[in-house]
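The hints should help you fit chain G onto chain L, whose structure is shown.
Which chain is which? The protein sequence lines are L and G, in order.
First residue of the first sequence: 1, per our numbering; consecutive thereafter.
First residue of the second sequence: 1001, per our numbering; consecutive thereafter.
Calculated directly from the structure, the hints in this document are not laboratory data.
Here are the in silico distance ranges between beta carbons for each label pair:
hint: 1; chain 1: L; residue 1: Asn-244; chain 2: G; residue 2: Leu-1348; range: 38 to 46 Å
hint: 2; chain 1: G; residue 1: Ser-1188; chain 2: L; residue 2: Lys-127; range: 28 to 36 Å
hint: 3; chain 1: L; residue 1: Ala-143; chain 2: G; residue 2: Tyr-1181; range: 26 to 34 Å
hint: 4; chain 1: G; residue 1: Leu-1189; chain 2: L; residue 2: Asp-204; range: 51 to 59 Å
hint: 5; chain 1: G; residue 1: Val-1335; chain 2: L; residue 2: Asn-244; range: 20 to 28 Å
hint: 6; chain 1: G; residue 1: Ser-1188; chain 2: L; residue 2: Ser-288; range: 33 to 41 Å
hint: 7; chain 1: G; residue 1: Ile-1326; chain 2: L; residue 2: Ser-58; range: 32 to 40 Å
hint: 8; chain 1: L; residue 1: Asn-244; chain 2: G; residue 2: Leu-1040; range: 22 to 30 Å
hint: 9; chain 1: L; residue 1: Ser-288; chain 2: G; residue 2: Tyr-1181; range: 36 to 44 Å
Each computed DSS-like pair below joins lysine-lysine, with the alpha-carbon atoms no more than 27 Å apart:
hint: 10; chain 1: L; residue 1: Lys-302; chain 2: G; residue 2: Lys-1214
hint: 11; chain 1: L; residue 1: Lys-221; chain 2: G; residue 2: Lys-1214
hint: 12; chain 1: L; residue 1: Lys-325; chain 2: L; residue 2: Lys-296
hint: 13; chain 1: L; residue 1: Lys-293; chain 2: G; residue 2: Lys-1214
hint: 14; chain 1: L; residue 1: Lys-302; chain 2: L; residue 2: Lys-325
hint: 15; chain 1: L; residue 1: Lys-193; chain 2: L; residue 2: Lys-325
For each residue, glycine too, the CB sits at the ideal point set by N, CA and C.
One letter stands for each residue in the lines below.
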Amino acid sequence: MNQENGYCRSMSNEAVCGLVGVIMNKKKSLIILMIASLLAISLTVGGEAETVKVVDASGIYVDVPASPERIVVLPSTPIELIYALGEEKRIVGRGVPLPAYCPSAKDLPCVASCSVGPNVEAMLDLKPDLVLMCASNGTKPTAALERLQAASIPVLSLPSSCEPDTLLPQIETLGLILDRQEKANEFVEFIEKYLGLIEERTKDLGPDEKPTVYFECKEYKTVNEETPLQHHISLAGGTNIAANQSVERPIVSSEWVLETNPDIIIVGVKGESPTEEEMRATRDEVMSRPGLKDVKAVRDGKVYVISKKLLRGIGEPIGCLYFAKWIHPALFEDIDPQAIHEEFLQMFFGQELEETYVY
Amino acid sequence: MSINEDEEILYAEEVYTRASWKKTLLTLFLFIMVLTLGVLATTIGASSLGISESLHALLAELIPGEEVSHFAQVVVLQLRLPRILMAIITGMSLGVAGAVMQGVLRNPLVSPFTLGLSSGAACGAAIAIVLGVGILGTGQYIIMINAFLFSLLTMAVVYGIARIRGTSIETLILAGVAMGYLFSAVISLLQYASGNEQLREIVFWLMGGLYATKSESVIILIPIVLFITILLMRYSWDLNAMSAGEEVASSLGINVSQVRMICLFLSTVLTASVIAFTGIIGFIGLVSPHLCRLMIGSDHRYLIPWSGLTGALLLLVSDTIGRTMISPTEIPVGVVTSFIGVPFFLYLLVRRKRRWWQ
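Chain L with its partners taken away, still in its complex shape (with noise of 0.2 Å):
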């Protein structure tokens, strides 16, 4: 599945949840109030199976049963989020690509792939309970939602995670059906930590005083306003030098960038899992192209590299406070991000803070 790439992807939900992300944006706080209250009432305890009604990607209130002990869970972010809230041992079947906070799950079922999306015979194979899907983009999700639903599976479609805004009602959703509301409000807690104070310290900012900043994932392919990229990029008090252009990833002419003369390059580097030396070599390379070479950003030596790790799923406010830091160094100087990282990484997955995501 690749809806939960929220980086520098050729496909086409970004529309779907970049509209999502607007609205959210706006009312965030009180869309999730208003959710986690209405999930909180609509528990209901029927007569033989005990469901609870969850609001689905496409808002509309569904019934799935609580507590289900068998789920595939297709996307990655939900996988993510069911380890944090420590009911991974439900999960039976997954989908691509891995989770990048689970090793485990390497060992479940897969039973979709990138280009023919869900297998639904495997699906059934695994006898689940409840499937979680992300259907909202692609023709291919969607028959096999429709062959889920005949095989009278329950099916619960989520938006895909591409922002903070659509990661943090799922995790809620996700609580209420394994009945993990305390974890998960934890984590909610967590995030809304961090990115309340990022948005606390740039919303007065003007725009004079938002330094102009080049994403990159791929050579002069870079993201405009319509991308999640672009939040964090707002997010972190910047300004997106592409943010005006028509196409969503266009590949922009070199000697624009030069004149453009952004303060800060981001470069989004290749790979899953890319070792600090890799991360080296990708900043070399772009600090020694004949065309960045005398932009500011090169000059002062402000080029990051950053993984991908931290720039979708659940990594992802992680990633805007390494943005904020970077962006503006002198406010947020009492933040440390890999420290963060390290407690995020303790607290919910257990782990230890081992690879390297920036450079």
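Below, chain G without anything else, positioned relative to chain L:
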């Protein structure tokens, strides 16, 4: 009677000389046009650099003592110029290779595409991308080398198969088409099996483009392309004779299968070297020789350079439009090439006066 005949011969000679002079002049004109457009292209771009400033930066390299801003120098000499040169040599290589391949195989549908070379190169690149090469720098070279070797390999296989059946042209073309399908299947399989990021990488490679041109690649390519083009032009007479049929060519003392092998090998190296750097750029190799046949006929002495220059012109114009039309966003060059080239080609097809293909 005999005086009359002599006169006729003299007259024919005169007509021939005049016609070949005309064609030589036209070739020169086309060459100058490519140069002019090349210079013109260095003055347009996404940055606000003015025309005179750009020309200044270009001249400052030739005439010492001229003063230009550092910015103009970087933009014109390091960003625009390598790319423009790359467009010219890539277009030229594809045009020349297409003309030679069509001539050697006496078939209007032949191009690096139909002979499976592009698919071979793409397959090589896709293998390098998917099978675990991800480090920048060295990784990119592995993709290039793989692409290059795979197109050579394709030609070797295609030629080898045809050789078994006594080098018949039809077998060769069909073997090429079949190999092309096989490689497409491998690419599809790799795409099917690969992750998101690799998938994008492959798609990118399949689209081709000149935006990532480095001056080093231009420096590597220029001697290769010029050398092979000149070598191929030396076979013009042989190709002319072969267009009258294999028997005729043999009776004129041409070792047909040897010429065919050498020409195919050289044009394959030519195509493979540029494709390895740019990714797949289709259409030019097929259409540029036809455009030229429609314009100046099928004498290979002129057709080969013309086709090369037309290819260069077509790619240069397309790339310049692609990078400036909605700048700073770039349009993939393959899209522009087809949008410009196809209507022009169709127009010539409909309006054509001569039977341009034999």
